[in-house]
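Engineer: Sequence:
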Amino acid sequence: MSEYLFMLFKKIKSKHSFYWYIFIPFLITITLFIALSPWLAHLLATPPGRMFTGIHWWSSDYAIYLSYVELGRRGEIGARLLLTTMPQSPVFTQLVYTLSGYLFGKILQFNSVFSYHISRILYGFFFLFSTIFLFYRLSKSKLVTLFAFLFSFYITGFVRVKQIFPLKISRYLAFISGSDIISRAVGPPHYLVGYIIFIATFCWFFCTKHSLFLKTIVFGILLNLILLANPFTYIIMAFSFLNYIVIRLLFSKDKRAFITGELISIIAGFAIALPLLSYYKHFLSREPWGLIASAPQFYQIFHPPIYAKDVLMAFIPLILCGLSGIFGVITKKIKTFLTVSQTAFLLSWILSHVFLLAFGDQIRIDPLRSNQGLYYIPLSLFSAYFILALSKRLQIFGLANYKIKGLAIIILLFVLTLPDYLLSYRNNLFNFTDYKNFTRLVYPTKKSIEAFRWLEANTPVASGVMSMYEASELMQGFSGNSTNAKITEMTRIRFFSNSMLEDEAYKFLKDNNFRYVYFGYQEKYYGGEVVKLPFLRKVFENEEVIIYLINNQFKTSSKI
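The numbering of the sequence shown is this note's numbering, which starts it at 1 and goes up by one.
None of these hints come from the bench; they were simulated from the model. Just so it is clear, the structure is predicted and the values come from calculations on it, not from any experiment. Even for Gly, the Cβ is constructed at its ideal location relative to N, Cα and C. Check each hint, because a few of them may be wrong.
Label pairs and their in silico Cβ distance ranges [to be verified]:
id	residue 1	residue 2	range
1	T339	A271	41 to 49 angstroms
2	D511	G261	56 to 64 angstroms
3	I164	P48	37 to 45 angstroms
4	L412	T491	54 to 62 angstroms
5	E287	K446	34 to 42 angstroms
6	L418	P275	44 to 52 angstroms
7	L412	Y21	47 to 55 angstroms
8	F33	L242	34 to 42 angstroms
9	L103	L501	34 to 42 angstroms
10	L418	G75	22 to 30 angstroms
11	I217	L242	17 to 25 angstroms
All chains, full assembly: derive it from the sequences and hints.
Structural biologist: In structure tokens form, the structure reads like this:
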């Protein structure tokens with residue numbers, strides 16, 4: 001054993017081994033910790049008698065993601081949309097969540113919150129490692145890899161100064177998420193897995209040499225995996241290859257070789273993904289999945305106007321350095337190991353995001369989702385090349401070592417964009433609580449959780465439960481029950497304040513496929529006594545919550 005440790009230590013002592021065995025794992029760990037730290041702060045701040053829901057994204061989105069994990073815990077690999085009580089069959093989508101729930105929840109017996117976040121951390125680690133692998137695979141330079149990684153996760157954009165004294169600042173494009181280290185490194189799992197497979201697909205197609213048949217088959221399989229992980233990442237991939245084909249046909253010197261080789265492989269690979277694409281179109285373009293605008297026919301514009309000036313200011317270091325690097329590489333003023341195909345696809349990759357941001361509304365694809373893609377990966381690589389070239393030519397205080405100069409430039413950019421980063425960090429830290437008022441939506445009581453656990457153990461999966469807003473949000477992920485997001489708050493209040501007549505209340509519950517009624521603190525607030533409704537039978541009670549079963553055989557005094 002001691003001999004093995006001595007050999008390992010001797011191996012790590014070399015500069016190359018130190019970089020890969022010590023420095024890179026440390027950098028990835030630090031990046032993960034910074035990205036997770038607001039979430040950890042929320043977890044550690046949990047008051048006595050409460051439970052942290054684990055929220056780290058917008059509440060409605062997080063509730064939906066958590067519901068998929070809970071379905072996996074209940075043994076369902078297919079996903080159901082639990083924010084509606086419409087009858088539906090499981091659809092094989094969102095497998096990132098249902099499989100995580102099955103593995104960590106059903107097999108290892110962890111709750112849905114832990115299952116969700118342990119998978120997010122694992123996927124985040126592999127995503128960060130895959131970016132390192134990609135940068136080094138393309139550049140064959142440890143320094144370019146480091147610079148590109150720092151550009152990807154540590155440099156954001158500039159802030160809008162509203163007032164100097166006292167200083168008041170805000171972010172350009174504040175409504176766009178996904179442009180900071182927290183969202184990029186450990187965002188929602190389906191984004192992370194989609195990114196990992198995207199990078200794997202790029203490396204397989206452009207960095208390996210295999211027979212045309214094998215290359216095409218594996219390429220098609222990877223496209224299917226991207227679709228299963230995150231359909232929007234597939235859209236980015238499809239637009240990137242479309243741009244790539246146009247660029248190669250316009251500028252390639254040997255068009256015949258491209259057409260008989262890569263073009264055939266690209267078309268055949270996407271053809272392999274057509275059955276799954278058709279499956280998704282069949283299920284996700286109609287109700288109930290259409291309720292969350294998963295298809296063009298349900299598309300609505302919710303975002304404010306997007307202006308080019310705001311985009312430029314929000315991402316100017318990355319855009320400016322990236323475009324400079326692209327110019328240097330194309331004009332061959334910057335020497336790289338990139339092949340013509342790799343360079344063309346990296347440019348196509350960037351152009352696909354630009355196109356979707358500029359014209360997404362016209363083609364009924366949310367343009368803001370282009371900011372949640374991987375545009376910063378190719379831009380960061382070109383930025384790293386530019387910084388490296390600049391540092392070799394720039395004279396700073398007599399420094400001769402270009403590596404130190406390059407790192408100094410990146411540190412300067414980090415400092416210049418630090419206010420924007422701090423605003424993003426503060427938003428993540430205080431978005432869900434002010435650490436004085438711990439809302440029950442983010443920190444439900446343990447008695448509420450006890451009621452959800454009873455529902456999980458004693459009710460069929462996806463069975464409808466009538467409740468007010470907060471319990472409806474939580475029970476999707478904690479008990480795997482359905483709610484109905486279409487029911488307005490006023491309608492809910494009418495029911496829980498006993499403002500409905502007996503027959504009207506029964507008809508309302510039956511028409512909306514409810515099987516149970518949840519009566520907790522928010523439901524009690526409106527003063528009604530649902531226990532007086534003769535078609536309700538108490539099946540669970542603790543100090544805070546009562547759950548009623550609805551008698552479907554109840555005979556009303558009038559026809560329903």
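Engineer: Decide, hint by hint, whether the structure agrees.
Structural biologist: Verification of the hints:
Take T339 and A271: their Cβ atoms lie about 25 angstroms apart, and the range 41 to 49 angstroms is violated. Separated by about 59 angstroms at the C-beta atoms, D511 and G261 satisfy the suggested range of 56 to 64 angstroms. Distance hint check: the CB atoms of I164 and P48 are about 44 angstroms apart, consistent with the given range 37 to 45 angstroms. Distance hint check: the CB atoms of L412 and T491 are about 57 angstroms apart, consistent with the given range 54 to 62 angstroms.
Between E287 and K446 the beta carbon distance is about 36 angstroms. The supplied range of 34 to 42 angstroms therefore holds. Take L418 and P275: their Cβ atoms lie about 48 angstroms apart, and the range 44 to 52 angstroms holds. At roughly 30 angstroms, the beta-carbon separation of L412 and Y21 lies outside the given 47 to 55 angstroms, and the hint is violated. For the pair F33 and L242, the beta carbons lie near 39 angstroms from each other, so the given range of 34 to 42 angstroms is met.
Checked against the hint of 34 to 42 angstroms, the pair L103 and L501 fails, with Cβ atoms roughly 48 angstroms apart. L418 and G75 have their C-beta atoms about 47 angstroms apart, which leaves the hinted 22 to 30 angstroms range violated. In this structure the supplied range 17 to 25 angstroms holds for I217 paired with L242, their Cβ-Cβ distance being about 21 angstroms.
Violated hints for the displayed structure, listed by number in ascending order: 1, 7, 9, 10.
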